[in-house]
Amino acid sequence: MMTKSLLRMSLIVGLLLSACGVVAVQIEEPIPTVNPTDTPIPPPPIQAEASAGLVAREAPDDSEVLVKTVAMPHIVYMPQGLALEMFEQWTPPVEYLAVDRGRGLRLRVDWSALWLVDSYGVGQVSMDVFLRAPGENDFRFAQNATTSDFEGWGADQRDELLDSTLYLTDIGDYQVRAEVEVSARNDQSVEDLRSYTYEFNLVALNYPPKLLTTPEDFTPQFGDLENAGALLDWRGWRLGPCFIRTDDLPEAATSISEACVGFANGDREAASAALQVALQQVNHPVLRSRIYQQLGTLSAVMGDWPQALIHFQQGLQASLILHDALEVSIALRNLGIAQKNTEQYDEGEINLWQSIQLSDQIEDWLGSALTYGQFGYYWESLDTLEWVTNVMQDNGLPQAEILRRWSALFRAGQAP
Numbered sequence: 001m002m003t004k005s006l007l008r009m010s011l012i013v014g015l016l017l018s019a020c021g022v023v024a025v026q027i028e029e030p031i032p033t034v035n036p037t038d039t040p041i042p043p044p045p046i047q048a049e050a051s052a053g054l055v056a057r058e059a060p061d062d063s064e065v066l067v068k069t070v071a072m073p074h075i076v077y078m079p080q081g082l083a084l085e086m087f088e089q090w091t092p093p094v095e096y097l098a099v100d101r102g103r104g105l106r107l108r109v110d111w112s113a114l115w116l117v118d119s120y121g122v123g124q125v126s127m128d129v130f131l132r133a134p135g136e137n138d139f140r141f142a143q144n145a146t147t148s149d150f151e152g153w154g155a156d157q158r159d160e161l162l163d164s165t166l167y168l169t170d171i172g173d174y175q176v177r178a179e180v181e182v183s184a185r186n187d188q189s190v191e192d193l194r195s196y197t198y199e200f201n202l203v204a205l206n207y208p209p210k211l212l213t214t215p216e217d218f219t220p221q222f223g224d225l226e227n228a229g230a231l232l233d234w235r236g237w238r239l240g241p242c243f244i245r246t247d248d249l250p251e252a253a254t255s256i257s258e259a260c261v262g263f264a265n266g267d268r269e270a271a272s273a274a275l276q277v278a279l280q281q282v283n284h285p286v287l288r289s290r291i292y293q294q295l296g297t298l299s300a301v302m303g304d305w306p307q308a309l310i311h312f313q314q315g316l317q318a319s320l321i322l323h324d325a326l327e328v329s330i331a332l333r334n335l336g337i338a339q340k341n342t343e344q345y346d347e348g349e350i351n352l353w354q355s356i357q358l359s360d361q362i363e364d365w366l367g368s369a370l371t372y373g374q375f376g377y378y379w380e381s382l383d384t385l386e387w388v389t390n391v392m393q394d395n396g397l398p399q400a401e402i403l404r405r406w407s408a409l410f411r412a413g414q415a416p
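Quick note: the sequence shown uses our numbering, first residue 1, plus one each step.
One or more hints might be untrue.
Stated by the list, open to error - Taking lysine to aspartate or glutamate and the EDC-like style, the derived pairs with C-alpha atoms no more than 20 Å apart in a straight line are:
1) 68 / 160
2) 68 / 360
3) 68 / 247
4) 68 / 159
Stated by the list, open to error - Pairwise CB distance ranges, derived in the manner of DEER restraints:
5) 60 / 269: 50 to 60 Å
6) 250 / 144: 52 to 62 Å
7) 141 / 254: 52 to 62 Å
8) 415 / 321: 37 to 47 Å
9) 306 / 416: 20 to 30 Å
Please keep in mind that the hints were generated in silico from the structure rather than gathered at the bench.
No residue lacks a Cβ here, since even glycine has one placed at the ideal position from N, Cα and C.
Please construct the entire structure, taking both the sequences and the accompanying hints into account.
Set out below in structure tokens:
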């Protein structure tokens, strides 16, 4: 999968801006391409399609869908009986899906059946999918996928997929439920029936108006986090408080200016304090999301990871208000690193994987590679570090040299 992603990375490297130039970051609302609906009246139609029969493993095209495996049932038919195990899959706390370019959510039952010598049996696998849309109180039926009755005898094996794919029409917070039922029966009238419910929250997001892909977007601006093993996504810093325009935000102009002065003077605590004052003065969602990322970055550089964790958690919540997939992926990435550094290992692992998954959906290949580079550090994986180093080098990113140093230290038996 990594190799395939690398082949698809053909990004144009932008020229570094002159160090003497002045950069102004406009605070603008992201351009929505679908309209969020708090209370749909009438409810939007649920678009879905199902594999109505047996589906070979090679058949589905999963390139434009987010695949969630719901269960992996195994049926074994024996001469004197049968065995059935559902192998229920882990349910994530939340999933993220960029929906406004036709990407679907595919729920999958990956099932197999084995007939031993001198055995006979029949079976069926079915899945009902329900959806609770934003603003709704109840789940609505969305789709049924059911195999035909399958049978086998002697020595035989089936290894198949059963899919149901939803295409959401609006951004917002959804709940998805899949109810799976598997039945099996042999010729001695031994029968087994199992069911399982898989339910999770789904946040539907917009594609970003544009991706941030230049070396300057990713370049670490200050501090020494990278030599301490932390590959923050510096796109969240957005060049810092000195490059926030406050023409339309007079109430925050003074505090933003004070944050800029503090940062320019190397007084990061003063910059942080001024940014926290600015948060109390504005409700602009884009600015709030940006300030939380800047606060988290300042705290991380100062070595205060517990405080960085708080700011990055707030930053994730602020980015979710925007429903911008790029902003959410950046927030997930930085939050995951802060969680790892505060010994919230499982939560950090989940959020880092979610950042990769979301970055891949919007073809933010450099963002995805950045997280793999962080995993290369955690795993002490020279192979992972090598391919990410090549990606960074090919695109002119300074993280290439950082990863190269990490690899050298790992080869020497030292931790960065």
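Run the structure past the numbered hints and jot down the numbers of the failing ones, going up.
3
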